[in-house]
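Required output: the full structure, derived from the provided sequences and hints.
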Amino acid sequence: MPLPFLLFPYVVQKEIFKSMEYCEMFLMSLCSKRVKQCVIQARLKIAKVWYGVYPDIKFIAIQDWGIPVDMHIAFDDQPALSGMEPMEMKIGDDFKTRGIVKAKLTRLKQEYCLISVPKLDAKVTKSLHEHVKQLFRYTAPCGIEIHTNSLTEELPIYENVSKILVKGKSILDLNDLDTFLSQYYPNLTTLLICSPINGEATSKLLEIGNVHLSYPGQCGITLLSKFNGKKINLWGAVVTEKMLNEFIRKWMKSEGYQNLEFVNIELSLESDLLNRDLITDQLEIEAFDEMKRPGRYQSEFR
Amino acid sequence: MTSPASSSEVKYLIESSEGNTFDVSGAALRQSNTFNAMFLNIGADGPIPFTDYNEATLKKVFEYCEHSVNEENYSGPKHQDDLSKWDLNFFNEMDQKMFIDVINASNFLDIERLTSYCCERIARMLRGKNTQEMIKVITLPTAEELEAKQKVEEKKAAAAKKVAEKAAETAEKTETLEELPVQQLVQTTRNKLTRKYLSFSNE
Chain A
1 MPLPFLLFPY
11 VVQKEIFKSM
21 EYCEMFLMSL
31 CSKRVKQCVI
41 QARLKIAKVW
51 YGVYPDIKFI
61 AIQDWGIPVD
71 MHIAFDDQPA
81 LSGMEPMEMK
91 IGDDFKTRGI
101 VKAKLTRLKQ
111 EYCLISVPKL
121 DAKVTKSLHE
131 HVKQLFRYTA
141 PCGIEIHTNS
151 LTEELPIYEN
161 VSKILVKGKS
171 ILDLNDLDTF
181 LSQYYPNLTT
191 LLICSPINGE
201 ATSKLLEIGN
211 VHLSYPGQCG
221 ITLLSKFNGK
231 KINLWGAVVT
241 EKMLNEFIRK
251 WMKSEGYQNL
261 EFVNIELSLE
271 SDLLNRDLIT
281 DQLEIEAFDE
291 MKRPGRYQSE
301 FR
Chain B
1 MTSPASSSEV
11 KYLIESSEGN
21 TFDVSGAALR
31 QSNTFNAMFL
41 NIGADGPIPF
51 TDYNEATLKK
61 VFEYCEHSVN
71 EENYSGPKHQ
81 DDLSKWDLNF
91 FNEMDQKMFI
101 DVINASNFLD
111 IERLTSYCCE
121 RIARMLRGKN
131 TQEMIKVITL
141 PTAEELEAKQ
151 KVEEKKAAAA
161 KKVAEKAAET
171 AEKTETLEEL
181 PVQQLVQTTR
191 NKLTRKYLSF
201 SNE
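Chains as they are written, first to last, in UniProt numbering: chain A, 1 to 302; chain B, 1 to 203.
Hint data in this document are derived by calculation from the structure and do not stem from the laboratory. Any given hint could turn out to be false.
[Unchecked claim] Quick list of the computed label-pair ranges, beta carbon to beta carbon:
1. R127/B to K250/A: 57 to 63 Å
2. F91/B to L6/A: 19 to 25 Å
3. K136/B to N228/A: 56 to 62 Å
4. E63/B to I57/A: 48 to 54 Å
5. Q258/A to L83/B: 57 to 63 Å
6. R124/B to L81/A: 25 to 31 Å
7. L165/A to N89/B: 45 to 51 Å
8. E66/B to R296/A: 35 to 41 Å
9. T51/B to N187/A: 54 to 60 Å
10. L83/B to R43/A: 24 to 30 Å
11. L83/B to I157/A: 45 to 51 Å
12. F91/B to N187/A: 43 to 49 Å
13. Y297/A to R124/B: 44 to 50 Å
14. D64/A to E93/B: 55 to 61 Å
Using N, Cα and C, we set each Cβ at its ideal position, and we do this for glycine too.
Rendered as structure tokens:
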């Protein structure tokens, strides 16, 4: 005898959803309009959502309370759907498509559902965003993980975004990033770029509070000289003693960097080793005294 | 008010939908928040009517309550993997129909632990399935079935309306044929008696 799910009282339905994984709730919501309504009515809270935007895959990753961020729902494209019988599904407000649903495991052994659709276009991305927004109650600002090649794609307006992570092996054109950031992201506090960068630090980049660049190149130098935010993290940077001297002097004398709280610069393997004496000789320094200030500060890059 | 120590010895009579009664210990009943809210403080005279559920279902639910009386305080849902042998047997013994009835009764009686175990069990039934397979498990009525169901309901409503109208008509007729003459008779007799009494008193 099958389960009369829709006939169960609201409390029971909600309790069932609570025992489910996020991807299972998503799949349930695709069963029918009424089941979707049940998921919506359960008003399930979600910690932090990451929208993943890559040319060949769009996904929803969830960072749960105390659990690392991992993928839960993914859409990829398979122009000729094969292997299983595709099913008709309605996503978001009113978008209909055919797709094949498969349950998979991520590297962290998290169950996720992979839905293969014949065409992974802007409509799918928009509908996926709408659908997830309808199902769950967000309790924290969202994040976007985007591939460098997807920056110019047509994307939905992701609301209440506080973090953006740009990834990719190809070189990031800062003009593309500027165009992307000029959309509706008023709450953006953190930008992490994990791809090589081409160009000088743009106005949009300088407006953000916390910036991390994995391969900053020339952009790192201009960003460091004009930075106006709180935290800056430069990995693989190419800097000279003179540049650092100038930066530290300005910061110490309060000639700039009024908001700056944290700086981390890791030198690129190609750059020459820095001569510490050349830096310290130019500055008014005093011996470290543990009585005056602690030896270590803890700062989270958020 | 019954004290917690003595309430375990107290037995309450429960009435099922068949009208049958059976007794359940106070300690087992206290796991039901519905019972606690309704009867714990005021007590119950006679059997407590849980007449929306049949005897077998209620006995199964209270069997669970009786068993978990001596368990430690409940602190949130327990994972199915952590269930004891007794718990597993309890769930495996039930057929699907009984299982559904137990969920509904447990929800009505607000027995938190049993409800959440049952719900987790349902979630497990749906685990690892794709949407098509889920639809098979949860029985979604198709559009035609919904339409047919609606038609049946409309027919039923129309039939019920007819029955109600007929009943009303019959009631009116009965009123005119049987009840009114009696009333009239009473009234006439009363009038006669009054007149008689008045004439007698005048004399």
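Going back to the hint list, which numbers does this structure go against? The structure conflicts with hints 8, 14, although it agrees with all the remaining ones.
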